[in-house]
Every structure is written in structure tokens, then in C-alpha cells.
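Enquirer: Below are the chains, spelled out letter by letter.
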Amino acid sequence: MIDFEDSESEKILRQTVRDFAKKEIAPHARKWDEEETFPAALIPKLAELGLMGMKAPEELGGAGMSTQDVAIVIEELARVDGSVALTVAAHNGLGTGHILLAGNDAQKKKYVPNLATGKWLGAWGLTEPSSGSDAAGAKTRAVKQGDKWILNGSKTFITQGSVGDVYVIIASTSPEKKQHGLTAFILEKGQKGFTVGKHIEKMGCHASDTSELNFADVEVPEENQLGELDHGFIDTLQILDRGRISIASMALGLGLGALEAARNYARERKQFGRAIADNQAIQFMLADSATELEAAKLLIKRAAWLSDQGRRHTYESSTAKLWAAQAGMRACDRAIQIHGGYGYTREFPVERALRDCKLCEIGEGTNEVQRMVIARHLIGRA
Amino acid sequence: MIDFELTDEQRLVRDTARDFATRELLPKAAARDRSGAFPVEELRALAKLGLLGVNIPEPLGGAAAGVIAYSLAMTEVARADASVSVAMAVTNMVGEVIVRFGTEAQKEALVPLLTSGDALVGAFGLSEPQAGSDPGAMSTTAKRTANGWRLDGNKQWITSGDRAGVFVIWAKTDPAAGTKGISAFVVRGGTPGLSAGKHEDKMGLRGSSTVPLLLDGCEVGEDALLGKVGGGLSVALAALDGGRIGIASQALGIGQAALEAARTYVKTRVQFGRPIGEFQAVQFRLADMATELEAARLLTLRAAWMKERGVAFSKEASMAKLYASEAAWRACDGAIQLHGGYGYTRDFPVERYARDCRVTRIYEGTSEVQRIVIARSLLQQASNA
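Going line by line, the protein sequences match chains A and B.
Positions 213 to 594 (our numbering) are the ones given, in order, by the first sequence.
Positions 115 to 499 (our numbering) are the ones given, in order, by the second sequence.
Hints are not guaranteed to be accurate.
Facing chain B, from chain A, some residues (calculated, C-beta under 7 Å) [claimed, not checked]:
1) R475
2) Q495
3) F496
4) A502
5) E506
6) A507
7) L510
8) W517
9) T531
10) L534
11) D545
12) F560
13) N579
14) R583
15) I591
Straight line, CA to CA, 35 Å or less: simulated DSBU-like cross-link-like pairs of lysine-lysine [said to hold, decoys possible]:
16) K320(A) - K401(A)
17) K243(A) - K410(A)
18) K267(A) - K482(A)
19) K482(A) - K294(B)
20) K381(B) - K389(A)
21) K331(A) - K356(A)
22) K390(A) - K381(B)
23) K331(A) - K321(A)
24) K404(A) - K390(A)
It should be emphasised that the hints constitute simulated quantities derived from the structure, not laboratory data.
Even for Gly, the Cβ is constructed at its ideal location relative to N, Cα and C.
Isolated chain A (complex conformation) (with noise of 0.2 Å):
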């Protein structure tokens, strides 16, 4: 039976990570952006909160959450910091989804604890400078020596890169499969012939850490291998469908911090004689702000409710991602537009919120990537 309203613990997931964020993430949010800092300090306080081990099983440390807990956590944080949001979601999304997902209870009880509580941070690596959207070019190669791995390659654009304990890593095991060649790994930080390549400076998102990985002869033991061998992508996709849930609340969360800020400002702001919410120019940038969230919002709902039922949402997390990235970027560059000039300072977070919501149309697949999926729904594969 249709039901728009969350649980009683879910309002209650909420408010508690609102107020965390609103104590110990916002006032410190501008430094971090400007100083490009990856706030390690404030990892044990996300871990208190269990929010560094979302979906992990509580027997594994883990806070057992729904994927709608997730969408609300990283909306949240968002609201105040995109990238504490990212960080989040690239943590428990990617990597520690990837091993709760594909993992043998070895590998599981090996590092979900760690990484659910926070003690090591988890990355996840599956872009390569001329492989982006299209997996299937992916170059890193490993090849089976004895009862090891031999990885060899590098990988770019990668969430925690310098700042990682355990990375999963995908590598093409069949080249001639393509993308149904690829297989998963996990590395740990300071393997022999792991090296963390150039620290990437990015629009936004400055308080999470972008790197490259570079891979000489790394041996990786085959008890490593995460998943079935050539079913990285498989898994992948699936990491993907419920990952875009997460930027897609990333990017409602920035829109709705901007204009949380928009609102606010325009009822202080005096010209003319009176607050400039007074004047309708305003007040419908508002209006079309706060309807187009609404809108996302909703469809993010629905794709994480799917998640939890099980039931596959790879067309809703694609409109979801493609809806809600778009709706932020819209409300953060209102927000500055109604800022006026004080929205284009450092001084107010209305262009730091839009710095990081380009991300959101990018990341997880580009707002191009998912028309493709949809349109895939839509006709069939042309």
C-alpha cells in the first residue's frame, strides 16, 4: 500500500546524523574545502554513529542499515558537506560494498570489521585513464602465477586513493571477454608494487581524496580474489545500480543546503526598500528549486525502496542519478544567483555547494551514461 512517509527510525537516522553534521562537520566544511584537507579526525566520529559501516551485517560491525537509511545518511551530509558525503558513500557504496557483496566469509571476516568500525578506510578501483564510461576498455591486467595474481596497471579518478587501507580493484583476467573478462581483487595499503600515483585537484569535493594507483608486479594471493573469476563486472554493475543511489542523495542534499541557504538569504536580504523573497523572480527560483528536489527525492525513495525489496532498479537509480544531479546543479546555481555577489565569495557555501555538485553529474556514471541505461529500458539495445 502506497506509504510516503519514513519510519519512526528512519526520522529518527535523520535527525541524529543532522545534528552530528550540523556539530561536527559544518562549521568546519569551508577549511577543509579550502585547505584541501581529508578530514581523517572526524572518521572515528562517523564510526560512532555507524555510519562507516552502513550496510555491514552488526555481527561484521556494522550498522545492518537499508538502502533508504543510506539515501538519508548521505542526504544528510551532503546537506552540509559534499565531500564528507562522498567519502561516506564511496567507503561503505564501493568499497565495503563490493566485498559484502561478492565476499567468501574469510575475506569478509578479514576486513568488514575494520572497515565497518572505521579503522581502515575502503576504495574501490574500476576507472582507467582511457577507460571511463566504457568499461570494457579497462587495460590493468592480472595474471594467475602459481597461486598468485599478477596485477599490473593503473587506475585514475579513484575516491580515497592516497588515503585508503583496503582497495578493491578491478582487472581484466580474459581481455579477449572484454568486460566479461574483468575480475575483482583486494589490495592493501603498501603492497610491493602498489604506489599511490598523483594526488588529483579537483573543481570540488576538495575534502575527499582523488588519486591515481599505479600497479608494477603486484602480487595479490588468490585467496584475494573477490568473486567469481570474470564476474567483476557483473558485480560491478549491481555495486553501480545502488552506488547511484547514493550520489543521487549526494547531490538532492547539496541542492537542498543551497537552497536552505537561498531561502534564508533572501528573507535577510534588503533592496529596494523590502527582503528580496518579496519580489515573485525570487521567490519562483525557489519554488522550481524546492519542486525539482521534491522530485528527486521521490525517485530516489522508490529506487532504494526497490534495493531493499531485492527487486532490480537499474532504470530507477539511473533516473534517480539523472534527475537529482540535475535538480542540484539547478538549485546551487540559483542559490548564488539569488546570493548575487555575496554567492560567488568563499564567504557564504553556496559555491562550494555547487563545486561539489558537478560531481554528482559526472561520478558513478556521467548524466549521459544514464540516458544510455534508460534509453536501453526504453527500446531495447539499439
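Chain A is already provided as a structure; the job is to place chain B on it using the hints.
Expert: For chain B alone, kept in the frame of chain A given last:
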């Protein structure tokens, strides 16, 4: 707890409406658009299926299936023929407004006429030549007589105004009191002094009748007053809030029809040696149309769900109506574009969809009025939300 699953009853109403619309409405929709014929038989058939009183209690002849079911049924009917859906929408809302504000006697006398189709359809008389978005500016008056009230004035844009058996008409009982001086009246079709003017020659919804009403010494009894003296504005706002869910549902149905037509066309139309659906520019346009209509569907469902729960839903209804009507318009325009020159001809239905759809951004409150409602709600919220 979040749930997106329909109940069996809601599914049944939706499937009944879809089945009827596909079988009985779709085949003649284009012909009605050309001839402007009013869908008398079709409306009677809708009444038999319970679709003229979807959210009206059973003792009054309604289906008592709720607001969500109403929204789903509207979408299905609009998908086949938007002209039929607008008469259906107004009839449902006239019934709902009388159920909510009417006395027992008014309900028993009038609502069964609407649900059974005996009144054929219902109509609202709110807008006037000089009072559109601003009902406070209306000049129609209701003056006391020995036995009741006498209505005088002009109404404009009255859907089914020449066909309806039951009207709700707004007039000023205290012209000095602004919006607080407006009262609502129920008036039977054929009452002396109530007449319809010339049909508006509209861009779309050509199978729906839109006329001005002339109230010239139209005498009604004491029992015609709907709600309180001076309470007309709240009757109007209730009708509009509920009506907006209906129009959002209607827009969604038209947009959905446009998307489906486009999807079918791009799979069969071959250019440069392949179906145009293989071109990304075409795929992406479809993807955007589908995404926006999904969002429109959820906003509409949410507003309907809130109304069904009996909580305030004004802002949500405005968001649904604003978004769905704008998204549906983009979908119709996109569908024409994807059909190329053929889309511009009457050999394909998409130009009709666009013409029918255009008014959803205007009536039941323009998009601009919806933004006023939404902004007012946002700016009234506490700042620490």
C-alpha cells in the same frame, strides 16, 4: 513506512480505466478532436464504471476507492483522450466538494446525479472575464430574495458549462468584504436565468466544451448555499487543491501517451540505414522524457496519498501540478520532434497531445500561481528546518 505498491483495489480501478480507455476512447479520440463532438456516450459509460465518483462514498453512488485510485484512473483516461478526462475530472471534483461542504440534503439530492451520470456532468463556475488567478476580483453577485438568492454576473472558461446538470457557482454575497465576501452555491442545470454562451474555439481539448455562463436574475432557494455565507473561498481552494491532483494526473497521462507514441515511432522509422532509435540524440531525448514523467508520477502520487490521509496537501498538489504539466509539455514537444514532419501532421496523434497538454499549464491555477503557492509555503517555514 515507505511503500510504492498499489493495493489490489487501486490496481483494479486503474486497469478498469485503462481497459475502457483503450477499447472505447482511443479509437475515436482523433475524430472527436476534429469534430468537437461532446463525448456523451463515453461519459455515461464512465459513470457506469464508477469513474465519475471515484473518491465518493458508496451510499452516494461513488466507488469510494480513494484519491490515489482517482489519480490513476484520470491518468489512464487522459492517456487515451484528454478531452474526456477533463469532463471526468470536473465531475468528480464537483461531487467531492458537495460531499465535503454540503448539507445531508444537498448531498443526497445532487451527488447521486453526478455519480450515476444522470446529470451527465458537473461544472464549476469560478473564473470570470476579469477574475482568473485572482478570485477576489469577481463581480458576480448573490443577493438575498424572499426565498433564497438571486445570482447575477458573468462566468468565463466554464468546462462543460452547456452540458452540466449540476453546477457549483461562486458569487459575492458581500462585495465590500473581498475574498471573505464570496459564497458558493449549488445550481441545477436548466435553472431559469442560467445560460451558456458561445463555445470557446480552443487550441486543444476540442472534445471538451468550454463556455461563458450568463447569470441573469438566476433565482435559487435557501438550500442552494454551499457551506457558509462568506465561506466560498475555502470551498474554492478545496476544489482547486483537489483539482490540481486531477490535472497533474491528466498531464501525466497525456505525457505518457506522447512518450509511448515516440518510443514506438523511433523503433520503426529508418533513416541512414537504421532505426532512428539507434541514434543517441533520439535516445537521450526519450530518456529525459521518461525520467521527468517518472518524477511527475511520484509527485502526483504523493500529493494524492497526502489528500487521502487527510493532511494538508496544498503545497504538494501545487508541486505535482506544476511539475507534471511542465514535464508533460516537454514530453509532447519531444514526441513531435522525434516524429519529424509526420509529428506535425494530424496523421499522428502527437500534435493533438501537445495541443491538449498545453492548457494543463494554465487551468486549475497557472504554473505561475503554483509557484506562488509553493514559494509562500517555503518562505513561511521556520529557518532552521
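Enquirer: Confirm or reject each hint.
Expert: Each hint tested on the structure:
About 6 Å separates the beta-carbon of R475(A) from the nearest beta-carbon of chain B, less than 7 Å, and the hint is met. Residue-level restraint check for Q495(A) holds (minimum Cβ-Cβ distance to chain B is 3 Å; threshold 7 Å). Below 7 Å, beta-carbon pairs count as interface contacts, and F496(A) has one with chain B at about 5 Å; its hint therefore holds. Given hint, A502(A) at the interface with chain B, holds; its Cβ is 6 Å from that chain's nearest Cβ, closer than 7 Å.
For E506(A), the suggested interface contact is upheld, since its CB lies about 6 Å from the closest CB of chain B, less than 7 Å. The closest approach between the C-beta of A507(A) and any C-beta of chain B is roughly 4 Å, which is under the 7 Å cut-off, so the hint is satisfied. With 7 Å as the threshold, the beta carbon of L510(A) comes within range of chain B, its nearest partner Cβ sitting at about 4 Å, so the hint holds. The criterion of a C-beta within 7 Å of any C-beta in chain B is met by W517(A), whose closest approach is roughly 5 Å, and the hint holds.
Annotation: interface hint on T531(A) holds; nearest CB of chain B at approximately 4 Å, less than 7 Å. With a cut of 7 Å, the hint placing L534(A) at the interface with chain B holds, because the nearest CB-to-CB distance is about 5 Å. Given hint, D545(A) at the interface with chain B, is violated; its Cβ is 17 Å from that chain's nearest Cβ, farther than 7 Å. Here the hint on F560(A) is broken, as its CB sits about 15 Å from the closest CB of chain B, past 7 Å.
For N579(A), the shortest C-beta to C-beta distance to chain B is roughly 9 Å, which exceeds 7 Å, and the interface hint is violated. For R583(A), the interface hint holds, the least distance from its beta-carbon to any beta-carbon of chain B being 4 Å, beneath 7 Å. The interface hint given for I591(A) holds, since its Cβ lies 5 Å from the closest Cβ of chain B, which is under the 7 Å cut-off. Between K320(A) and K401(A) the alpha-carbon distance is near 17 Å, which keeps this suggested pair within the 35 Å criterion.
Among the hinted pairs, K243(A) with K410(A) is consistent with the structure: their alpha-carbon atoms are about 23 Å apart, no more than 35 Å. Between the alpha carbons of K267(A) and K482(A) the distance comes to roughly 47 Å, so the proposed pair goes past 35 Å and is violated. Of the supplied pair hints, the one linking K482(A) and K294(B) holds, its CA atoms being roughly 32 Å apart against a limit of 35 Å. A distance of roughly 29 Å separates the Cα atoms of K381(B) and K389(A); the hinted pair therefore holds under the 35 Å criterion.
Of the supplied pair hints, the one linking K331(A) and K356(A) holds, its CA atoms being roughly 31 Å apart against a limit of 35 Å. Pair hint K390(A) plus K381(B) holds up; C-alpha atoms about 28 Å apart against a cutoff of 35 Å. Between K331(A) and K321(A) the CA atoms are separated by roughly 14 Å; this keeps the pair inside 35 Å, and the hint holds. With a C-alpha separation of about 27 Å, the suggested pairing of K404(A) with K390(A) holds against the 35 Å cut-off.
Consistency with the previously given hints fails for numbers 11, 12, 13, 18, ordered from lowest to highest.
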